[in-house]
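Chains as they are written, first to last, in my numbering: chain V, 1 to 148; chain A, 149 to 296; chain E, 297 to 444; chain Z, 445 to 592; chain G, 593 to 740; chain X, 741 to 888; chain P, 889 to 1036; chain D, 1037 to 1184; chain L, 1185 to 1332; chain S, 1333 to 1480.
Please note that a few of the clues may not be correct.
[Stated by the list, open to error] Straight-line Cα separation of at most 25 Å, SDA-like style, residue types lysine to any residue; simulated pairs:
#1 K158/A - V441/E
#2 K1449/S - D1298/L
#3 K1005/P - I1104/D
#4 K825/X - D592/Z
#5 K1444/S - I1430/S
#6 K602/G - I512/Z
#7 K1342/S - E1452/S
#8 K1290/L - D376/E
#9 K381/E - G347/E
#10 K1187/L - P122/V
#11 K561/Z - T417/E
#12 K698/G - Y230/A
#13 K602/G - I690/G
#14 K973/P - T1157/D
#15 K447/Z - P680/G
#16 K447/Z - P714/G
#17 K973/P - D1184/D
#18 K1290/L - S375/E
#19 K408/E - I1282/L
#20 K984/P - I1430/S
#21 K561/Z - I364/E
#22 K1005/P - D968/P
#23 K381/E - Q429/E
#24 K408/E - V1329/L
#25 K1444/S - Q1389/S
#26 K306/E - Y230/A
#27 K602/G - D531/Z
#28 K1187/L - I1282/L
#29 K1187/L - L84/V
#30 K1039/D - A1285/L
#31 K3/V - D1298/L
#32 K265/A - G38/V
#33 K112/V - Y230/A
#34 K1449/S - P862/X
#35 K743/X - R1034/P
#36 K1005/P - T1157/D
#37 K857/X - K447/Z
#38 K117/V - W239/A
Simulated from the structure, these hints should not be mistaken for laboratory data.
There are 10 protein chains.
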Amino acid sequence: MLKSELIHSKILEVLARAGHHAKVLIADGNYPASTKRGPNAELVCLNLAPGIVNCTQVLRAILGVVPIDGVNTMMYEASDPYTLKEDPPVWDDYRKVIREAGLSLKLEPIPKWDFYKAVETPDHVLTIQTGDQQRFANILLSMGVRID
Amino acid sequence: MLKSELIHSKILEVLARAGHHAKVLIADGNYPASTKRGPNAELVCLNLAPGIVNCTQVLRAILGVVPIDGVNTMMYEASDPYTLKEDPPVWDDYRKVIREAGLSLKLEPIPKWDFYKAVETPDHVLTIQTGDQQRFANILLSMGVRID
Amino acid sequence: MLKSELIHSKILEVLARAGHHAKVLIADGNYPASTKRGPNAELVCLNLAPGIVNCTQVLRAILGVVPIDGVNTMMYEASDPYTLKEDPPVWDDYRKVIREAGLSLKLEPIPKWDFYKAVETPDHVLTIQTGDQQRFANILLSMGVRID
Amino acid sequence: MLKSELIHSKILEVLARAGHHAKVLIADGNYPASTKRGPNAELVCLNLAPGIVNCTQVLRAILGVVPIDGVNTMMYEASDPYTLKEDPPVWDDYRKVIREAGLSLKLEPIPKWDFYKAVETPDHVLTIQTGDQQRFANILLSMGVRID
Amino acid sequence: MLKSELIHSKILEVLARAGHHAKVLIADGNYPASTKRGPNAELVCLNLAPGIVNCTQVLRAILGVVPIDGVNTMMYEASDPYTLKEDPPVWDDYRKVIREAGLSLKLEPIPKWDFYKAVETPDHVLTIQTGDQQRFANILLSMGVRID
Amino acid sequence: MLKSELIHSKILEVLARAGHHAKVLIADGNYPASTKRGPNAELVCLNLAPGIVNCTQVLRAILGVVPIDGVNTMMYEASDPYTLKEDPPVWDDYRKVIREAGLSLKLEPIPKWDFYKAVETPDHVLTIQTGDQQRFANILLSMGVRID
Amino acid sequence: MLKSELIHSKILEVLARAGHHAKVLIADGNYPASTKRGPNAELVCLNLAPGIVNCTQVLRAILGVVPIDGVNTMMYEASDPYTLKEDPPVWDDYRKVIREAGLSLKLEPIPKWDFYKAVETPDHVLTIQTGDQQRFANILLSMGVRID
Amino acid sequence: MLKSELIHSKILEVLARAGHHAKVLIADGNYPASTKRGPNAELVCLNLAPGIVNCTQVLRAILGVVPIDGVNTMMYEASDPYTLKEDPPVWDDYRKVIREAGLSLKLEPIPKWDFYKAVETPDHVLTIQTGDQQRFANILLSMGVRID
Amino acid sequence: MLKSELIHSKILEVLARAGHHAKVLIADGNYPASTKRGPNAELVCLNLAPGIVNCTQVLRAILGVVPIDGVNTMMYEASDPYTLKEDPPVWDDYRKVIREAGLSLKLEPIPKWDFYKAVETPDHVLTIQTGDQQRFANILLSMGVRID
Amino acid sequence: MLKSELIHSKILEVLARAGHHAKVLIADGNYPASTKRGPNAELVCLNLAPGIVNCTQVLRAILGVVPIDGVNTMMYEASDPYTLKEDPPVWDDYRKVIREAGLSLKLEPIPKWDFYKAVETPDHVLTIQTGDQQRFANILLSMGVRID
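Whenever a hint applies, use it, and build me the whole structure from the sequences.
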């Protein structure tokens, strides 16, 4: 067993080959993980059951191992049959986790269909499929540069 | 043996990686399963013999495991040498199965060559090839969102 | 997203091809998942971080989808440098989950090196690697027969 | 769509490369399809749902395309927790299908654990996994010689 | 050995996954089988020696197993260094085989470079490479619909 | 198109990597091609239809391209349900083809089950599956040494 | 060991699946074999050491097995830092080998960057990488038609 | 162990199949190795730990085995959040190594996003991922021609 | 770029799937990395050039990420043509690195041919091939248990 | 093009992963390259035509890149139909090449069937198939240790 906080074989393998500008998608349970993805992306399925694991757990683990310099969420839209009335509570959880990781990044929501487009690029390296049941919980990370 | 109603290994694997907007094609026996498909789709062959299995059996099984929010059938056309004079009886079977599944969805027929185009997209995740002998029995499902 | 309780793509795929007498190993974080396994087994890695996911969560999910008629745990041994003085608390969690699933099965501990041998057979179909930090939390399930 | 009675892609492919003495297993829903098999065997999963397809449907289809000169069933045993009190009704269905195919073969039951051994040989070319819910419905066919 | 007339493993496998509008190319010995093909096509090499097997033998075998509703040959052209002065005799053989199969289809020749284009489509499922020594013996079949 | 007599892609590939002591099996239509074979052997399927191609055609082609210094046939046995009363006529065809190739080799029959054992060795490089309908038409060749 | 002049396993395999219009590139030691190639081409590396093997040896071997009806060389250009002042001597070797093979073909040089384009087509089936040290020794062959 | 200076299995394999105009990227630790690459490129990961190995070590090794006739570095840009104020010191190390290798090549910096484009071509054969911690240490080599 | 000390993609992937009792071999430059290995082991080649990387660098990196509870070196033997007269100096480097990692483990040398046997077991998960030029620098690690 | 003497992609790749005790077979044209080999060995086919390349050329190239400390030839035997009366002349060529490489090794012949056994071990890493027409020209090398 690795002695680090993030101990998953495939996630570590993919992140270690990635670099600046690479995108990591933490997908909620309803995200179409096998179809909305970039041509270079790998898929890691951590969705054992509804709520296990959830996006917040994955976010915390990822922030511990790679530098991140951009964070996008998927914006709910009025025309969507599954839309929301206000920001999903989980976005505040994300803000808290980011703060606890010592980062001063803002969540930047982008419209649903643009969000898909942002994922479907050659920079997309990894989707982590969760069992998160909350709507619009998807979160897309951009990797930064390690300086030390 | 799984304790659920749908017990097929590959179908469950594909559906569990899919999500909102994914398309599932239940193909009749004459559908060109290996050529008219999307680039991300997998093919499951359940066509043992004519009529075994049929599209209605597959539809019932799929509706039991994933949320569906759109249903298309292939419209017969006057210019087609194998055309029909009226709706194929199996469409009523589909309506009945959908109703029994507690859904209020309508069958939406689309012209044959547009139907092929609707299948041949990146959203297409699965074709289930049946032995259904009825003409124009193809049916294309769109996955929705689980909310609970 | 599947509508069932267990929603993991690969676990469902493997269990759906398995049957009576097949063995499923839920491995704790220190189990040598890549080396102590049977020749037909597949490996699913759910070990995101220490404690996420844990063996109890996986046990509950598995009991929900397949019939089980045998449960073994790995017995701690005096000569082991990492031995315990008494049964690990997680075993009681397992008993509770089994009871809640409506089963009347007993946990049957087997000595550590015999446990490895019990895993390394052609009947072994699946190892689910968890991040469970508790020592001697490994648990081996035998599939039974569905009768209905 | 093929014009024959058996129209399944993979089953035809495997049978066409097989010959005298090859074994074909039609497995009921509880048979451990992924683990009790010979080293050269392929697996075709036709188990959509409980009872769909069943072993009798597959038997009829197979008898239509290759010569068979031996048929074994799995014998129930007193010591088995899932044993039966008398021959399962499906065996009579098998006898009827064999007769209708113009063959004069007898069903030859062999004890459960010997049955597994009979499957696990290099001669085993194919397992067809069904959703048949009946216990002890497994049936093992030996291919004969075409003479015409 | 299968009891049917067409007994080839790979040809049966490919045709069983194909359907309406699929194209099957029976290639003469000089056709560039590995390069002029569609992206979904498979290649079966039956060219043991010059004349063994020939296109007519393959045509007869194919017509026995799938419905065909279109037949094209490759038209010889004046500018071609290997051109012919009149229709190759094998075209009459094809007409005879088609008639004997109970079909009323006409051979429809298309110019050489258009013929290549007709092959190089996603609908192309299979090329059967023969050892036929006759020039312009290539023949392209379109699969139809089974109605019974 | 190659200018030689034997023009088959895979057969040439396999023979060109083989050498002294390698075994080539020309299998009749009922030989179990996928199961009775050596661990290094490849399978080439030339069985389009019954009688096409036959073993004699293949034998002639093989003798034209590699040196052969041993020839075995499969001996029919009294206890076999498909046995013969006298040598199959095809053996005389083989003798004629061998003579025409300028070789002075004798056919050496070996009992059926020993024949299978002779095939199932690491020296076995190739099985060519034919559609030959004659019983006991299998023929096993041993490659010799080219001296020039 | 094959009894023919060209005895290489992979070269024979590729040529046997090729046909009219297919391109074969014999590459000198400095040609970018892994990057300037067509999408269907295979690469055979015969470059043991500088000068072993050379392009002339390969040309002789290829002309012995397939019909060729076009031959291109790569033209040296004034602007190239590695340009030549006159035709490389090896071109005369090529002319001699072509004549000895009984062919009346001319060498047709094409400019370097057009030569790359001529290679990078779907018709390109094979690159044979040599250790030839001569500059501008690359030679591209077009396959013709066997007539006999 | 090879007797040469460069002893790495995969690097030698890739360079030996490459030729004139091929591109080799030596990537610093923050380069997105898995996503910014050409379609023909292979990836060799030598990044054990920060600073091990570094780009200068790799450059020296590569210059020892292949002719190089062009060298590009990635230019830092004012708008980049991780930009530099002056040339990174490692560029002087590169100049020294190039000189020591007996070459008179100049470093030619190209703007960051054009650098990515220069990498993402079919000519790109290899990325060697290092653990070099210096910013803007990426270096792209163009292979030349061996003349001797 | 990962923020940890060990940043290699494949090494992390393999160690994350390993566990108690797994063996990791750090091989010197002359170790037969492709042949003396266990059936489950993967090979990572970090041998860029003689001395780069060396075994001590790898040891330090490994000790940082997994718990180790056993360390073996390969003992030099009198009968070996490449034997040493005394312990190789690198062994003291290993002792120092182990101490710096806070471990109190001893180096346990085992005779050369027994060392190979200790590697060639199913517990062997990884060989890291270095360019270390020192003789008898091979070092074999046993993974322990993480307790926290 | 590499600047070294041995420039073959696959040979370099295999030798760079090999080490002390590894075996390299240089096979003459009649050696059964695909069947008499060890389980870890790779096959490189350099047999373009009879005599091209020959074993002596390969031996010279190999001796240039790796340390060798053992050389075996295959001894001709009286009972062999293709036996020789005296040592084949090529053995003297081998002695000369070994001397020119600065080595003082002796050729050690071993009986034919023992030679095959010496090849068929896990230490066998590579067979290079040549077109050498001389009988008993096979030569088996053992890799030694680089010391510098």
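Structure-based check of each hint:
no., hint, verdict
1, K158/A - V441/E, "holds (21 Å)"
2, K1449/S - D1298/L, "holds (23 Å)"
3, K1005/P - I1104/D, "holds (24 Å)"
4, K825/X - D592/Z, "holds (17 Å)"
5, K1444/S - I1430/S, "holds (22 Å)"
6, K602/G - I512/Z, "holds (22 Å)"
7, K1342/S - E1452/S, "holds (20 Å)"
8, K1290/L - D376/E, "holds (19 Å)"
9, K381/E - G347/E, "holds (22 Å)"
10, K1187/L - P122/V, "holds (23 Å)"
11, K561/Z - T417/E, "holds (15 Å)"
12, K698/G - Y230/A, "holds (19 Å)"
13, K602/G - I690/G, "holds (23 Å)"
14, K973/P - T1157/D, "violated (31 Å)"
15, K447/Z - P680/G, "violated (31 Å)"
16, K447/Z - P714/G, "holds (23 Å)"
17, K973/P - D1184/D, "holds (17 Å)"
18, K1290/L - S375/E, "holds (20 Å)"
19, K408/E - I1282/L, "violated (29 Å)"
20, K984/P - I1430/S, "violated (37 Å)"
21, K561/Z - I364/E, "holds (24 Å)"
22, K1005/P - D968/P, "holds (17 Å)"
23, K381/E - Q429/E, "holds (17 Å)"
24, K408/E - V1329/L, "holds (14 Å)"
25, K1444/S - Q1389/S, "holds (23 Å)"
26, K306/E - Y230/A, "violated (41 Å)"
27, K602/G - D531/Z, "violated (40 Å)"
28, K1187/L - I1282/L, "holds (23 Å)"
29, K1187/L - L84/V, "violated (37 Å)"
30, K1039/D - A1285/L, "violated (34 Å)"
31, K3/V - D1298/L, "violated (30 Å)"
32, K265/A - G38/V, "holds (22 Å)"
33, K112/V - Y230/A, "violated (41 Å)"
34, K1449/S - P862/X, "holds (13 Å)"
35, K743/X - R1034/P, "holds (7 Å)"
36, K1005/P - T1157/D, "holds (15 Å)"
37, K857/X - K447/Z, "violated (39 Å)"
38, K117/V - W239/A, "violated (36 Å)"
In summary, the structure is inconsistent with hints 14, 15, 19, 20, 26, 27, 29, 30, 31, 33, 37 and 38 from the numbered list given earlier, while agreeing with the others.
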